[in-house]
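Peer 1: Spelled out, the chains give:
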Amino acid sequence: MKKNLTSTFIFSLTLCLFFLGIMVNIQYRTQRTLSSTLITQKEQDLRSVWIALNKQSEKLDEEIKQLSTQYADLTQQSLSGSQSIDKINQDITSYNIVNSTEPVNGAGIIVVFDDELSTLLKSDLIDLLNELWVAGAEAISVNSERINSFTTLEQYNSSADSYIIINKKKLVYPIVVKAIGNSAALENSLLMTNGLVEYFNTFGIEPTISQLAKIELPAVGKVEPWHYAKQEIPKT
Amino acid sequence: MKRKYIIFITILCFLSGLLSVGLYNTQKNTNSINAYARQDDAVFIVEQMETRINKSQNTLDDLRTKILATQEAQVKDQTQTSTLTDKLTSARVYAGLTAVKGSGLKITINDNLSGAEVAKKNSDILTYRPEDYILHDKDLLYFFYMLRSLGAEAISLASEDGTMEQRMILSGNIRCIGPVVLVNTMRMAPPFVFKVIGDPVSLSAKIIASEEYQYLQQKEFPIKIEKISGLTIAPYKANILSTYAKTNNKTN
Numbered sequence: 001m002k003k004n005l006t007s008t009f010i011f012s013l014t015l016c017l018f019f020l021g022i023m024v025n026i027q028y029r030t031q032r033t034l035s036s037t038l039i040t041q042k043e044q045d046l047r048s049v050w051i052a053l054n055k056q057s058e059k060l061d062e063e064i065k066q067l068s069t070q071y072a073d074l075t076q077q078s079l080s081g082s083q084s085i086d087k088i089n090q091d092i093t094s095y096n097i098v099n100s101t102e103p104v105n106g107a108g109i110i111v112v113f114d115d116e117l118s119t120l121l122k123s124d125l126i127d128l129l130n131e132l133w134v135a136g137a138e139a140i141s142v143n144s145e146r147i148n149s150f151t152t153l154e155q156y157n158s159s160a161d162s163y164i165i166i167n168k169k170k171l172v173y174p175i176v177v178k179a180i181g182n183s184a185a186l187e188n189s190l191l192m193t194n195g196l197v198e199y200f201n202t203f204g205i206e207p208t209i210s211q212l213a214k215i216e217l218p219a220v221g222k223v224e225p226w227h228y229a230k231q232e233i234p235k236t
Numbered sequence: 001m002k003r004k005y006i007i008f009i010t011i012l013c014f015l016s017g018l019l020s021v022g023l024y025n026t027q028k029n030t031n032s033i034n035a036y037a038r039q040d041d042a043v044f045i046v047e048q049m050e051t052r053i054n055k056s057q058n059t060l061d062d063l064r065t066k067i068l069a070t071q072e073a074q075v076k077d078q079t080q081t082s083t084l085t086d087k088l089t090s091a092r093v094y095a096g097l098t099a100v101k102g103s104g105l106k107i108t109i110n111d112n113l114s115g116a117e118v119a120k121k122n123s124d125i126l127t128y129r130p131e132d133y134i135l136h137d138k139d140l141l142y143f144f145y146m147l148r149s150l151g152a153e154a155i156s157l158a159s160e161d162g163t164m165e166q167r168m169i170l171s172g173n174i175r176c177i178g179p180v181v182l183v184n185t186m187r188m189a190p191p192f193v194f195k196v197i198g199d200p201v202s203l204s205a206k207i208i209a210s211e212e213y214q215y216l217q218q219k220e221f222p223i224k225i226e227k228i229s230g231l232t233i234a235p236y237k238a239n240i241l242s243t244y245a246k247t248n249n250k251t252n
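As given, the protein sequences belong to chains H and B, one line each in that order. My numbering puts the first residue of the first sequence at 1, with every later residue one more than the last. My numbering puts the first residue of the second sequence at 1, with every later residue one more than the last.
Careful: at least some of the hints might be erroneous.
[Said to hold, decoys possible] With a straight-line Cα cutoff of 25 Å, these simulated DMTMM-like cross-link-like pairs (lysine to aspartate or glutamate) come out: (1) K87(H) - E72(B); (2) K42(H) - E47(B); (3) K59(H) - E165(B); (4) K246(B) - E63(H); (5) K106(B) - E232(H); (6) K169(H) - E211(B); (7) K87(B) - E63(H); (8) K87(H) - D62(B); (9) K55(B) - D73(H); (10) K42(H) - E131(B); (11) K138(B) - D124(H); (12) K206(B) - E154(H); (13) K59(H) - E131(B); (14) K65(H) - D139(B); (15) K87(B) - D86(H); (16) K169(H) - E154(H); (17) K222(H) - D86(B); (18) K169(H) - E165(B); (19) K42(H) - D137(B).
Think of the hints as simulated: they come from the structure by calculation, not from any bench. Quick caveat: nothing in here was measured; it's all calculated off a predicted structure.
Extracted from the complex, chain B is given alone in its bound form (with noise of 0.2 Å):
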């Protein structure tokens, strides 16, 4: 019995000593990537453009609003109907330009943790696939467009901390490269959260029985879905004008 025991708790040690030295050697191996990661030119030149622009974007988001507001007083000045700053204010708004405020959802998709710790426990390194049980671009895609089409009316998509919200507007676009996923050219990381403005009810009732919903479920993706009265979307603050698309009393 005894002896038994003895076999049981070597074979547990020698599990976790092995583990013990692969995380020693990852540490090691981050540390030492850390050391010489700022003389790394391509990296520092990715982080130098994502700053430049997250800096644009703002520019951009400042000026449309006073342009708006330039234009806003002109007409009054005028003594104009308002029709014309409605029109303008509400394709603006149409256009995802400004942020809105609704009830909605918060919606948080994150990587399939427990169970890739399970599944690294039970199976040997030949089997383990981890990209089992990490979110993938075309998940989160595939969860955006059925989200549109169950009628949202504004969609953001953001990593769990919020920095980088992006505002899903037509042209949204969600993709990888390499193990990156980009939403409209910006890096996130999981956990994802998608903001959504709507019937709170009604669409927390249709995603639970979309497919896609049920695809990350049958993964065990972790999925929680709070309903949120006072939801704020950021606005999309990237460029939207059109240089090849023309209306047709102004063709090419």
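Just chain H, same shape as in the assembly (with noise of 0.2 Å):
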């Protein structure tokens, strides 16, 4: 009699304990698609989104109608038979520059750390580049380093020191972040409430940012070659 309760008894809890668990997923499942499904979200979340994907698209509209001119011009020369020599370089000279192979210079934001007693941290740092990038920066440096694709960002901490290595060198104060772009929308980026320079006063950290016409940037020093990504040819 005892045995048979005893299967009873755990034959229900298991029961109960697998319907809990599927219940329990479920719900976790749900709540999870409701979080980024956007029919949840705020209203003024989603007008955020709407502001970054419109400033994405005037872009988008902006280079394509560039690159359309571009490619008309470039079949007229074809059908006449004219030089395009200059405009190929030309394209190249764009290209490095995004590829940070080639010194600039342009209107841009200065931010400055200068109080190496509030130590700026690598997480920190990536925080500001990422915001900066997302303003729509289109050249970075941190203090002589151009910041390019292959640049290194590494945190050194022991219990007397603490700082960051850029490019394997030791990132000294001043720290003095350069980016060029719009620099009234940099600054704001940087400045707003709730924003990265808010976050930074609640450590004591208190960057001066300077809006100036012309800011110039180095170009990268060495260009690391690729040694596994092949370019992939578009099948036509």
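Once you've looked at the hints, go ahead and assemble the two chains, each given alone in its own frame, into the complex.
Peer 2: Structure (structure tokens):
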């Protein structure tokens, strides 16, 4: 009788726990799906997403317009047999700017961290770079290092010292971050309410930001060759 | 003994009942949200904009390919050396404007679903913190910068279904607006997949030793690293040309 009761109990318990598990799982997945679905977002968040997408769309339209004109000119040149070497050189320069292999100048902002006692961490610097790219920065340097796709960032921590290592070199104070782009947009992105500067301030980090009409950035010293990635030729 | 069992089963049934009601209410709310979602202008506009951007990106990618092909043909016609076209192609490849293929890693990172389930069972509504079990934009951002620092030659990030794969070029960015993760302004949901081209063996060892990986492991986010020999990474399709930055012989 007792053995029978124990088996019934175990069976009921297993059944209950099984259904409980399924329900917890379904509930979690539903909540997670809801949290990333647009319809459940706050109106304010939707507006922010829309603003970001709108900016992106405007930039895309602008570049499509430029490239369409370029393509039409090229086709015309092909028909007339005229030279396009200059245009190719211009294109190479444009891509070199993007690849950081060309020294550049232009309007932008300078962000300076000069208080060595309020240590800037690697994660803070990554947050700053990310924020500047989001705000439309076209080229960035940190102290004398132009940022490119191979820039290495590391954090050194010991009981005595803590600092950022950029391209295998200690990043010394004052840390000067220069960014070329729309200077007002770049500055606003850092100073907005609940923005990055407000976040830095909570840790006693107080950067100074200035807008400048002309900033000069160096080119990267050395471009690392690729050994593994090869261009995939598009099928025509 | 029998009484003890009954109490135990009753408690479990009560908990199941509570969850069932919660689940029913959530589903009901979801259905009612869906019912008027079509009329929600903001959602409609955002979705339309996403579709438009996707279309524009494909147009831009197509234009870049056509321009390069025309330029290459013209230079060949002029019997110039191939140096100029090589330079142009190489600059485009480095800028991330062409698809690339090579050996590397596919890294899948997901929310800590099992941890969330356990925590939900073992804690009450006041102590349960769902945000501890979901991946945040910063987790992905620091992981991306770590991959770069380790010498990855090409990186992309996508949701697991692979749609909207975003090539992470120099200006690649990750942020969130509310709970939505935006990668290069495009919306993504977990599981997230990083595709990385580089030495698979060395990269994988360095990733596992990195503090970013250790942090995600410690928070029990499932991470799967697969070594792949023929990995293809999509080109960057969005706008790239500079309007403010000029070369030094061409000042503003």
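Peer 1: So, for every hint listed, does it hold in this structure?
Peer 2: How the hints compare with the structure:
| no. | hint | result |
| --- | --- | --- |
| 1 | K87(H) - E72(B) | holds, 12 Å |
| 2 | K42(H) - E47(B) | holds, 15 Å |
| 3 | K59(H) - E165(B) | holds, 19 Å |
| 4 | K246(B) - E63(H) | holds, 16 Å |
| 5 | K106(B) - E232(H) | holds, 18 Å |
| 6 | K169(H) - E211(B) | holds, 19 Å |
| 7 | K87(B) - E63(H) | holds, 22 Å |
| 8 | K87(H) - D62(B) | holds, 19 Å |
| 9 | K55(B) - D73(H) | holds, 23 Å |
| 10 | K42(H) - E131(B) | holds, 17 Å |
| 11 | K138(B) - D124(H) | holds, 11 Å |
| 12 | K206(B) - E154(H) | holds, 13 Å |
| 13 | K59(H) - E131(B) | violated, 34 Å |
| 14 | K65(H) - D139(B) | violated, 37 Å |
| 15 | K87(B) - D86(H) | holds, 13 Å |
| 16 | K169(H) - E154(H) | holds, 10 Å |
| 17 | K222(H) - D86(B) | holds, 19 Å |
| 18 | K169(H) - E165(B) | violated, 33 Å |
| 19 | K42(H) - D137(B) | holds, 18 Å |
In summary, the structure is inconsistent with hints 13, 14, 18 from the numbered list given earlier, while agreeing with the others.
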